[in-house]
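A.B. asks: From first to last, the protein sequence lines stand for chains E and B.
Its first residue numbered 1, the first sequence is counted upward by one per residue in this note's numbering.
Its first residue numbered 1001, the second sequence is counted upward by one per residue in this note's numbering.
In short, the hints are calculated from the structure, not lab data.
From the three backbone atoms N, C-alpha and C, an ideal C-beta is built for every residue, glycine too.
Treat the hints with caution; some may be incorrect.
Covered stretches of chain E (chain B as the covering partner; in silico rule of three or more C-beta atoms under 8 angstroms from a C-beta of chain B) [to be verified]:
1) 188–201
2) 209–217
3) 267–274
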Amino acid sequence: MSTEPILTVEHLTKNFTVRSSKGLRSVTRTVQAVSDVSFQISRGETLGLVGESGSGKTTVGRCVLQLIQPTGGSVVFQGRELVGMPANELRLLRREMQIVFQDPYASLDPRRTVFDAVAEPLEIQKVSGDHAARVAELLELVGLAPDHARRFPHEFSGGQRQRIGVARALALNPSLIVLDEPVSALDVSIQAGVVNLLEDLQEQRGLSYLFIAHDLSVVRHISDVVAVMYLGKLMEIGPADEVYNSPSHPYTQALLSAIPEPDPVTERQRQRILLQGDVPSPINPPSGCRFRTRCPIAQPVCAEEEPVLVDRGQGHPVACHFAQAVPVTVAAR
Amino acid sequence: MSREVVLSLRDLRVTFGTLLGNVQAVRGVDLDVHAGEIVGVVGESGSGKSVTFLGMMGLLPRSARVEGSATVRGAQMVGASVNEMRAIRGKRVAMIFQDPLSALNPTHRIGKQIVEMIREHQDMSGDAAMRRAIELLDLVGIPQPDQRARQYPHEFSGGMRQRVMIAMAIANDPEVLIADEPTTALDVTVQAQILEVMQRIQRELGTAIVLITHDLGVVARVADRVQVMYAGRTVERGSVDDVFAGSTHPYTRGLMASLPGTARERLVPIPGSPPNMLRPPAGCAFAPRCEFAVDRCAQGEPPVLVPLGSSESACIRAVELYSEVAR
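Isolated chain E (complex conformation):
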C-alpha cells in the first residue's frame, strides 16, 4: 500500500432536511444520510464502498466531489481542503476528479452526439487543442471506434454507453474517479468487460477509484480496501481480503452470508445469518449502535453506547462492541 493518500475524508456528515405533514402542521425533520464517516484513498488504489439502499454510500460520493455541500467534516484532496473552497478554485480542481454514474441511459443527453458528450468537459474547462483528436483517442482508449463520435446514444448498448461515460470522465486526465454503481445496470456478460476496462485504465494511468456499489462480489474483485456502510455510518473498513475472508462486524458477516453463490452444492451447505426486518429510518436512527435492531448478537450496552470505529484486535477498524473475526467458508471458484 502506498503511503501518500490522494483523498482523506474525515468526520464527513451530511444531513438533509425533509418536510412532512403532521396533521395540518408541516414539520421539518432531519435525515442523517451520512454521519461521521472517515477514510483515505491512496494513489492508484481503489476503495470499495458497499452498503444497502439508504446506507448513504452515494451521498458520500457526491460530498467528496462537492456536488452537494457536506454538513460537516473535511474532504482533503491532493493536500487541499475542498469543503468551503471558493467556486472558481473548485472548478479548476474538478479537472482532477470526475464521476461515472450508474444509469448509462439517463447520464447521456439523447440529442447530443457522443462527440458532444465526451468533449463537453474539455469545453467547460476551456482546454485548448484539437478536441476531435482527443475524443477519438479517448474512444479508442475505452474500446470504442473513433468514428462512433458522430453517433447518438440510442445507437449504443448499455455496456457501450457506460464506456462513453468512462471516456467522458477521462477527458480531463483526472487522478480520482468516483464510480457510482458503474456496472449495476449491466448484464453480467457485459459487466465483466467494463470492470476489466476500469482495471486496465487504473494500471495504465495510476488512477484512484472510489467504487460505490451494492454488488459485493464486484467490489471484492476490484477493491484494495473495502468500507461497509449501514444507515450512514461505517461499520467496518479494511483490506478487501481481510474484510471478505474474516469479516468482524456482525453486519458484514450477515451481508456476506446473504450473497447467493453460483454453486448449488455450497449453497445447500452454507450456514446463513438471516437478518430480521428492514433497515430502520434514517430520520430517527436507533440509539447506540445503528445496527443493533437487526443484530443477532446485540446486548443492552449496544443501545446505550455507540461503538467507535477502531481496531479491536482484528487488524482493521470495526464499529462493534463484540467484534470477532469469523472466517467465511465459501468454496473458491
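Once you've looked at the hints, dock chain B against the given chain E.
C.D. replies: Below, chain B without anything else, positioned relative to chain E:
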C-alpha cells in the same frame, strides 16, 4: 423426475408487431414444470425469459402475438377466452413481479386487497376471507398480521410488499407460482428473506415455482432445475447440480465465467452483444459471440435441445466440446 407435470409449454412463441417489423421475442420455448419443484429460468436482458410467461398469462399488450401451447394440467392458456383465462389466472397460476408497489392498489388496505383476490375465486364470506388473509400474511412472515392487514401499501417496506404479493399469489392455492425477478429490486439481506419465504411456500404448500432471474446465484440457492434462455430460445436445461457442475452450452459457461469469483483473476466477458430480434440470425443465435462457433453453427434452423449426459443442450458441438459431461 416422475412427479406429475403441472405446467407445460410447447413451442411457445411471442412476436411483437412494431413499425420496423416483427420482433421475435420468444421463438419456441418448451418447458415442463413438475408438482412441487422450483425451476429457475435464467437469461440476460432481452432473452425473452419474462415475455414467455407474460405472454402465457395474457398480460402483454395487443401488439403481441402469442402462439404455441401453454397448459396447466391440460387447461390451455394460449388463445383462451377472457372467462377461461379468469378461471386460471390467479387461481391455478399466479404471478409476482419485480416491483410490488406498482402491482398493489395504493388506495386500498392490504387486507382488503387480499380478500378481493380470495373472493374472486372462492365462495367465502367477507369475515372468513379476512381471517384467511391474516393467516396468509402470517405465513409469509409478516409480523402482527392482523394490524398490518389494516395498513396501506405505502406503509410497507419493499421486502414487506413483496411478501404481501406472495400472500396474494398463494391466496387461492395455485398449482404454479410464476415469480418474475422477485428479488431484483431488493437489498441482498432482504432478498435472502424473500427466497426463504418462497422455499417455505414450496415445501409447506407444495406449490411449483417458476423463478425468472438473471442471477445465477439465486438459481443455485433455491432451484431444483434450471433452463437457460438466449435470444428467445432455450439453450440448455438440466438439474442445477448438473448445469453448475458441468454446463453443456458455451453461453451458460460464458455467463458463469464472467462472474467475479473469490480469486482476483481477470474477468472473462462474453464479446459482442445479443442479436437484434427484428432479424435474428440464422442457425444458433449465440454463434456470433461464441468462441467455439464454426461455419455450420450459423446455418439453417436454430438448433434444438438434445440430451447430453443428464442435461439437454442446444449446441451442435456440445458432444465434442463437453465429452467429459457426456460420460
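A.B. asks: Broken hints, numbered, in rising order?
C.D. replies: none
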